[in-house]
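Start from chain G and add chains A and E according to the hints.
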Amino acid sequence: MDIKFAKRFIKRKSSAIGGVIILIFIFVAIAGPFLCTQDPLKIDVRNKYQNPSKEHWLGTDNLGRDTFTRLVYGARITLFVSFVSVLVGTLVGVFLGVISGYYGGRIDTIIMRITDILLAFPGLLLAIAIVAILGSGIVNTMIAIAFYSVPYITRIVRGTVISIRELEYIQACEVIGCSNFAIIFYHILPNSMSQIIVNTTLRLGTAILTSSSLSFLGLGVQPPNPEWGAMLSKAREAMQSTPIAALVPGIAITLVVISFSMLGDGLRDALDPKLKNV
Amino acid sequence: MNEAILEIKGLKTYFKVEEGQVPAVDGVDFSLAKKETLAIVGESGSGKSVTALSILRLIPKTTGKIVAGEIIYNGKDSLKISEKEMRSIRGNEISMIFQEPMTSLNPVFTVGKQISEVLTIHQGLTRKEAIKRAIEMIELVGIPDAEKCVKNYPHQLSGGMRQRIMIAIALACNPKILIADEPTTALDVTIQSQILKLMSELKNKLNTSIILITHDLAVVAQLADNVMVMYAGKAVEYGNIKSIFKEPLHPYTVGLLNSIPKLDRELEKLTIIRGTVPSPLNLPKGCKFCTRCDDVRRICFESEPEYISLDNGRKVRCWKHIGAGYYE
Amino acid sequence: MNKKPKELLEVKNLKMYFPVKSEGLFKATKQVKAVDGINFTIYQGETLGLVGESGCGKSTTGKLIVKLLHPTGGNIIYKGKDIVKMSKKEFREIRKEIQMIFQDPYSSLDPRRTNGKTIGEPLEANKIQSNIKERVIDIMKEVGLREEFYERYPHEFSGGQRQRVGIARALALNPKLIVCDEPVSALDVSIQAQILNLMNALQKKYHLTYLFISHDLSVIKHISDRIAVMYLGGIVELADKKGLFDNPMHPYTKALLEAVPLPDPENRKELGMLKGDVPSPIDPPSGCTFHTRCSQCMDICKRTKPELKEISRNHFVKCYLYK
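Chains as they are written, first to last, in my numbering: chain G, 1 to 278; chain A, 1001 to 1328; chain E, 2001 to 2323.
Just chain G, same shape as in the assembly (with noise of 0.2 Å):
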């Protein structure tokens, strides 16, 4: 049944070549670092805002650092907040979403209420607004956006365990005598969980997108540290002289904000048994 289910995957080009870049943005992330010479906080004005040579492959930023080696160490802020981030997001909302779905009455009621009105703020603003309360910085960053996954994750948890809760073998299970617990354990979440992994995968692009866009505004990691949206955000200024230091980040978000959209896609067709045969 894997096998099969790697060949759908890698049969959509889209989401086959999706998933070389994220390993490729993985691999710098982890690996990258250690292969590089240069010192991403090493500040050298005289040489600021130059364009790519021989010391500087991708040239330099507003105070003279090496953009290729910000870059890589960036990536690994990157991969670091978006993916523990959404994370801690989906944990929460897996949990509220079963609850949600397999109990239902009143706790159904309040927490779908509660996650209606979350929902109804647009992403970013809700996690501006975490920000301004909590202040700015990495951990801050992390609980914004965690804190706005969950009510996409826990509407979609519970619609699945909905529709799985009324199939005939959850039925048996409660004939045989099987504990609230085992059927959620080992039945519902093992059947929620392409549904899950795809919705986890789709939420990582739009993390790595609120998180540049946070540091953009300011609000989310702070200088020293070489987050792409931050690195962004301050090279506009040079867009005229040296456009290369702007265009580098934006490219790598927007590339890999695409990635995790054409892999999640990917991900739920090949996972989805009825679109087997387009």
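Hints are not guaranteed to be accurate.
[Stated by the list, open to error] Computed cross-link-like contacts, SDA-like style, restricted to lysine to any residue with a CA-CA straight-line distance of at most 20 Å: (1) K2088/E to I162/G; (2) K2030/E to K2012/E; (3) K2275/E to L1198/A; (4) K2117/E to I183/G; (5) K2275/E to E1139/A; (6) K2127/E to E174/G; (7) K2089/E to I162/G; (8) K2117/E to P52/G; (9) K2088/E to N180/G; (10) K2089/E to I183/G; (11) K2117/E to E174/G; (12) K2067/E to G104/G; (13) K2021/E to Q171/G; (14) K1205/A to G2080/E; (15) K1203/A to E1306/A; (16) K2269/E to S1200/A; (17) K2204/E to Q171/G; (18) K2117/E to I184/G; (19) K2088/E to I184/G.
Simulated from the structure, these hints should not be mistaken for lab results.
Chains A and E only, in chain G's frame:
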């Protein structure tokens, strides 16, 4: 009665799936005469529904293709005519009704609109004329209070009534051929009885030929004139209804008849057909039934028997009976 | 064997009403009267067939007996104790003795679990830890599944084989009573016969008691000892097999038997004898629920509900035509 209005020759419809190619219909021949009711019988995977869809060229293009054969209707091979010409036949001269009336009727239109749609498209009636005729059709299919019913939506009607509406839509243009794909399988037995009665009356009233597709041999016994039995995409037996039931020739037909729990007979242990239907991706080399046949011989594993005609109008595809007839 | 049969389960005045979404703040909430006061007994070792058309309440009755649903009213007495009133804890032991076989072989097995895990799950769930695999393989052999199917997944099998897995699962806890909810309805005719034969054999070997629910009269006739006919939430006739088929009394039973087409082209029946549709269970007819379609309807039938009375030996009918 004996003039053929539809002739199928060598029909082959194949489907493409991940794992390979599925020969859903693999060389089927039969003909349908005026006012005849032909039943195509088989279990799931036999290819009977695909045969029906092929006649109306309703095979989804993304996965399936009619790769060979001729469907002679009105003197022309309907596999070769244009889509436009085919559309003027569908719903007009050859109609179809399906198993699930809830999903075959459009939930957002009134039943009156759905019946009149066929009339405005094919017979060029105005909306007013079409609604009037729709009310007549609703009465014809035995629904009381037709003037009220014409304004109802499908979800307001019971399963039996929806199936009657489907029949009304199918017969509105007085087609020559009605294809009924498991028309009563999803209905309760008392409602099924009503629908079978309706179909029986209408076919006589309107002189329609019917192709009845079903796995239910009892329904076949009530309604059909002739029967064609299908297995793994091929026709394995054909004959007049009474002689098929009295003297089934192909071991599959024999097995089918013996495995029905009958209301009027007491059987201590039902006789079964051992084994299961082979996967269409992995069909046996010789006769497709060889792995389950109790009468099997060596030749059955090695080569596929031809579909031969016997004297009394019977046809069978079986090595056991090859000596008895001539080859088509 | 002239011993009086032992009672295993008794159902008294069982009711199940489902609320329907109310139409407005001030309109009273309507109810679907799925099961409306039924009474019957199941004796040890027998197969009681429960037959009826869609909406009659037979599946709901099955679910009430295995406690997938909590009844709106009435009692279910198993081995002398009322299980309706029991707490979850009290019922836990009894649960092992009452099991269920489901209708749809495609959705009654968890697609992500191997057959072995599915059949062994009742043992795990009830903390019977020793030798689970051995026991599972034993049961698999009993239902005709080869040992190598242990590691395989449901989607690799046909409907008939999956249904065998479902039967194996129901047997795992050595139950006394098995509620079979349309177990062969979703299967091809030639496979139905295999499964019915298997169920018969298992019943004899393990002294099982079956409540066999089906809409198919021919299947019911083949497997049941006694049969209850349901219509719109109530039992209209209850008799042993011979009595019901040789001498059907209730007009609905007669109509039902009449409507079943026979695979005999020489003797074509007259069709469509029972006219009209089943009334809605939200608004059932007054008096006898069948009176709107009954050709022998009398005045009293419209006013008062008849009782299920024993008319001849072991033959109960709910109809004013009989005294």
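Hey, K2117/E versus I183/G, does the alpha-carbon distance stay inside 20 Å? 14 Å, holds
With the threshold set at 20 Å, check whether the alpha-carbon distance from K2088/E to I162/G stays at or below it. 23 Å, violated
Proposed proximity, E1139/A with K2275/E (alpha carbon, max 20 Å):
15 Å, holds
**Asked** Holds or violated: K2088/E with I184/G, Cα cutoff 20 Å?
**Response** 18 Å, holds
Q. Would the pair K2030/E and K2012/E pass a check requiring their Cα atoms to be no farther apart than 20 Å?
A. Roughly 24 Å between the alpha carbons, so the hint for K2030/E and K2012/E is violated.
Restraint check for K2127/E with E174/G, where alpha carbons must lie at most 20 Å apart:
It holds: about 15 Å lies between the C-alpha atoms, which stays within 20 Å.
task: Mind checking the alpha carbons of K1203/A and E1306/A for me, to see if they're no more than 20 Å apart?
output: 34 Å, violated
Given the hint that K2275/E pairs with L1198/A, does the C-alpha gap stay at or below 20 Å?
12 Å, holds
Straight-line Cα separation of K2021/E and Q171/G no greater than 20 Å?
-> Given that 20 Å is the threshold and the Cα spacing comes to 24 Å, the pair is violated.
Is it true that the CA of K2117/E sits at most 20 Å from the CA of P52/G?
61 Å, violated
Pair hint outcome, K2088/E versus N180/G [Cα-Cα no greater than 20 Å]: 12 Å, holds
* Under the criterion that the straight-line Cα-Cα distance not exceed 20 Å, is the pair K2117/E, E174/G satisfied? -> 16 Å, holds
Violation of the numbered hints given earlier is confined to hints 1, 2, 7, 8, 13, 14, 15, 17; the remaining hints are satisfied by the structure.
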